[in-house]
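Top to bottom, those sequences are chains A and B. When the first sequence is numbered by numbering that gives the first Met the number 0, its final residue is 82 and no position is left out of the sequence of numbers. When the second sequence is numbered by numbering that gives the first Met the number 0, its final residue is 194 and no position is left out of the sequence of numbers.
Heads up, a few of these hints could be off.
What the hints assert, rightly or not - Quick list of in silico lysine-lysine cross-link-like pairs, DSBU-like style, CA-CA up to 35 Å:
1) K5/A / K163/B
2) K5/A / K175/B
3) K125/B / K5/A
4) K47/B / K5/A
5) K5/A / K182/B
Just so you know, the hints here were simulated from the structure itself, not pulled from any lab data.
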Amino acid sequence: MVIECKHVWEHISGYLDGTLEPEVLRMVQEHLEHCEICSAILDSTRNILILTADERVFELPLGYSERLHNRLDEELRGAEGGD
Amino acid sequence: MIAAILAGESQRFHDLIRPYERSVYVMALSFVHDESDAEDIAQEAFLKAFRNLASFRGEAKFGTWLISITLNEARSRLRRKKLIKMEPLEAPDDDGSHVSPALLRDWKEIPSEALERSEMRSLLQKAVEGLPPIYREIFVLRDIEELSIAEAADVLQITVASVKVRLHRARVALQKTLAPQLKQMDSKRRWFPWS
Chain A
0 MVIECKHVWE
10 HISGYLDGTL
20 EPEVLRMVQE
30 HLEHCEICSA
40 ILDSTRNILI
50 LTADERVFEL
60 PLGYSERLHN
70 RLDEELRGAE
80 GGD
Chain B
0 MIAAILAGES
10 QRFHDLIRPY
20 ERSVYVMALS
30 FVHDESDAED
40 IAQEAFLKAF
50 RNLASFRGEA
60 KFGTWLISIT
70 LNEARSRLRR
80 KKLIKMEPLE
90 APDDDGSHVS
100 PALLRDWKEI
110 PSEALERSEM
120 RSLLQKAVEG
130 LPPIYREIFV
140 LRDIEELSIA
150 EAADVLQITV
160 ASVKVRLHRA
170 RVALQKTLAP
180 QLKQMDSKRR
190 WFPWS
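Turn these sequences into a full structure, and let the hints steer you where they fit.
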């Protein structure tokens, strides 16, 4: 069975997660072999996921960790003092 | 380590949470879009985790439990500020509003070195922050925090099927927003390699 582009798009996420049923996976792979548009959509989606997951995109503010542990210290000392 | 902390070695809580400092902050930032508010939420989430450590049952991973606390803290903070008064946290998953990806013919992979440029990082940040809340939540949990589909379903208290539907829509929406912009940016880069 051959599937159209719009049906392949419905499976992009499942394809990337490796959660497609074997039969659906086979149809999607066959389609991707000869459809450059769907291949480009898949490649761009995968690339965008890799880029957004990079630690440089959401950077921690300077001093964040220090302020956090100082705040925790106040709480922990309070807890110890209460024991 | 958790047992030791509960038994009185409170200072070990510092070591327990160190691996999760980043993920808790990023989760918060994706909600409030403001570094200072995100830091407040992160601190509050860690404090709540410490105060409620005895209720951690070990059924979920500690990191997943922390993320759940952060998510609840971020949501309640937003409710208090009424920043999302018009945005429902829950929406039907099958409302027929399908998202189509950006149609491309010649996608050229953007190398991760491109993230050295602040405009590239800003573009990606804004695209994630611009997703509707229910899609942003699942995208951050799965694709940034790298929770499994089952863990994300657990954190959000939704079914695995709903996770898959929302995740798909989130990813396609991001592709649709970002692919044309990134492609354009990459083209410019090739034309002006010294800029």
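35 Å limit on alpha-carbon distance, applied to hinted pair K125/B and K5/A: Holds. K125/B to K5/A sits at ~27 Å (cutoff 35 Å).
Assess, step by step, whether the Cα of K5/A is no farther than 35 Å from the Cα of K163/B, and give holds or violated. holds (18 Å)
Hey, K47/B versus K5/A, does the alpha-carbon distance stay inside 35 Å? Violated: K47/B and K5/A sit about 46 Å apart, past 35 Å.
Hinted pair K5/A and K175/B, Cα distance within 35 Å: Status holds; Cα separation ~14 Å.
Given the hinted pair K5/A and K182/B, is their Cα-Cα distance within 35 Å? Measuring from Cα to Cα gives roughly 22 Å; hence the hint holds.
In terms of the numbered hints stated before, the structure departs from hint 4 and from no other.
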